[in-house]
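Q: Single-letter residue listing:
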Amino acid sequence: MRVNFTVNGRPQEADDVWEGESLLYVLRERMGLPGSKNACEQGECGSCTVRLDGVPVCSCLVAAGQVEGRDVVTVEGLADFAKQRAESGCATGACGTTLQDAQQWRAKGTDSQTGEGGELSPIQQAFIDAGAVQCGFCTPGLLVASDELLERNPNPTDADIREALSGNLCRCTGYEKIMDAVRLAAARQSEAV
Amino acid sequence: MDFLRPASWEEALAAKAEHPTAVPIAGGTDVMVEINFDHRRPEYLLDLNRIGELTEWEIGEESVRLGASVPYTKIMENLRAELPGLALASHTVASPQIRNRGGVGGNLGTASPAGDAHPALLAAGAEVEAESAARGTRLIPIDEFYTGVKRNALQPDELIRAVHVKKADGPQQYSKVGTRNAMVIAVCAFGLALHPETRTVRTGIGSAAPTPVRAKAAEEFLNAALEEGGFWDNGKIITPSVAKQFAELCSGACNPIDDVRGTASYRRHAVGVMARRTLTWTWESYRGARRASEGAA
Chain A
1 MRVNFTVNGR PQEADDVWEG ESLLYVLRER MGLPGSKNAC EQGECGSCTV RLDGVPVCSC
61 LVAAGQVEGR DVVTVEGLAD FAKQRAESGC ATGACGTTLQ DAQQWRAKGT DSQTGEGGEL
121 SPIQQAFIDA GAVQCGFCTP GLLVASDELL ERNPNPTDAD IREALSGNLC RCTGYEKIMD
181 AVRLAAARQS EAV
Chain B
194 MDFLRPASWE EALAAKAEHP TAVPIAGGTD VMVEINFDHR RPEYLLDLNR IGELTEWEIG
254 EESVRLGASV PYTKIMENLR AELPGLALAS HTVASPQIRN RGGVGGNLGT ASPAGDAHPA
314 LLAAGAEVEA ESAARGTRLI PIDEFYTGVK RNALQPDELI RAVHVKKADG PQQYSKVGTR
374 NAMVIAVCAF GLALHPETRT VRTGIGSAAP TPVRAKAAEE FLNAALEEGG FWDNGKIITP
434 SVAKQFAELC SGACNPIDDV RGTASYRRHA VGVMARRTLT WTWESYRGAR RASEGAA
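Chains as they are written, first to last, in my numbering: chain A, 1 to 193; chain B, 194 to 490.
Incorrect hints may appear among the rest.
[As the list claims (entries may be wrong)] Lysine to aspartate or glutamate pairs mimicking EDC-like chemistry, simulated, CA-CA at most 20 Å apart: (1) B:K267 with A:E119; (2) A:K83 with A:E68; (3) B:K267 with A:D101; (4) B:K437 with B:E390; (5) B:K343 with A:E87; (6) B:K343 with B:D452; (7) B:K267 with A:E151; (8) B:K267 with A:D160; (9) B:K409 with B:E441; (10) A:K83 with A:D101; (11) B:K437 with B:E413; (12) B:K360 with B:E275; (13) A:K177 with A:E163; (14) B:K359 with B:D452; (15) B:K437 with B:E412.
Please keep in mind that the hints were generated in silico from the structure rather than gathered at the bench.
Using the sequences plus the hints, can you model the full thing?
A: Listed below in structure tokens is the structure:
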């Protein structure tokens, strides 16, 4: 079957989708967006987290056919998504992230050591600055979940952060640096206002 | 496999009548796991996401009509006052991502004995609104809904439209045993609701029998003990011997198995502990409310 939906603000079309296929599979294998990770395939690990109509969900548990006409944001579009949110809307009329840009998106800036100078969302920069990334496999899901938390709750308590990230497993960090990163992004966000 | 995408409830009922083997999919948090792991290859998937009314709820005089697909997150955020037990149970479901998609209709459809909503529904009192194109709507009392392990009273051509849950008339509690807070399938779970208006107590036990069950003997014992001691009026602390007997009867209502999550004897024990605790919590809350309403210090 064919599925039409919005990915990172741009309309996209997936063809020859198998009826039992997950949104995650469509994103990774048909659209060339491997940022959302495939791990447990049962909603336990959160590494495939995307926003579906604004709400964080496990894309491995959404049937592709269910996203027809709906709006998906993946980690590849997170920087543009956060930028537009900060500018309260789309000033130029050409917002969102093209599929090509999304496919080529890299978390590296002009400075290869620190990643600075790149087009990163505040939460992405905070993860780098706080050292919240080790193997990096869980990072995309954590970024999407953390970004949504800070959008909803600009000054989260530690308990709020723990709860918001309770569906995202990390086997490297012990979560302390991830907590630091979210606290850092929240502090920077409140300074900026 | 065919993917059916009805745009309205009537279309969904027609599709289910035409293809009784069609598997309804709403939040997908059960169905997609089975498909991803090749445990299930349904001939038809019946997507219910386009039917907006399934994600709505209405607060009535006596009960809340909760649409089958109202996500657990919405129950936690919006129905804590009316359905405190179910709101607590919803908060123990998996993770935010899952709570954003899953709802009570799916829990009922899957009818797993470990479903988190069941003990809360049993304790509060509820009816499942099922509908078919041929025979229209019927309300199935929650006590008659669970018929076996992952079996329920639905006919092949029926879909769950909503669940009517009695509004709380007293304190309710929910307790669940697992290895951690998030992402846990219940080892066992317990729901308790005080109903001061009828001077009754209702319970629900999860994951400790082939189906979710009420501890009816325990309820009858406690109802009689509370009545006899004048507890509803005098608001005294529950006698420890009464709480103990109640807990033992709740343990006795279990018919658990040994499995990877826990042993049968552990489940029986834990249900007793949860029964005693939830009774204490709810009763203390009832006493507190009584004192407050009487204006005493």
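Q: All hints are to be evaluated individually against the structure, with a verdict given for each.
A: Do the hints match the structure? See the list:
no.: 1; hint: B:K267 with A:E119; result: violated, 34 Å
no.: 2; hint: A:K83 with A:E68; result: violated, 26 Å
no.: 3; hint: B:K267 with A:D101; result: violated, 35 Å
no.: 4; hint: B:K437 with B:E390; result: violated, 25 Å
no.: 5; hint: B:K343 with A:E87; result: violated, 50 Å
no.: 6; hint: B:K343 with B:D452; result: holds, 16 Å
no.: 7; hint: B:K267 with A:E151; result: holds, 18 Å
no.: 8; hint: B:K267 with A:D160; result: holds, 17 Å
no.: 9; hint: B:K409 with B:E441; result: holds, 12 Å
no.: 10; hint: A:K83 with A:D101; result: holds, 15 Å
no.: 11; hint: B:K437 with B:E413; result: holds, 14 Å
no.: 12; hint: B:K360 with B:E275; result: holds, 5 Å
no.: 13; hint: A:K177 with A:E163; result: holds, 16 Å
no.: 14; hint: B:K359 with B:D452; result: violated, 34 Å
no.: 15; hint: B:K437 with B:E412; result: holds, 13 Å
Of the numbered hints listed earlier, those contradicted by the structure are 1, 2, 3, 4, 5 and 14.
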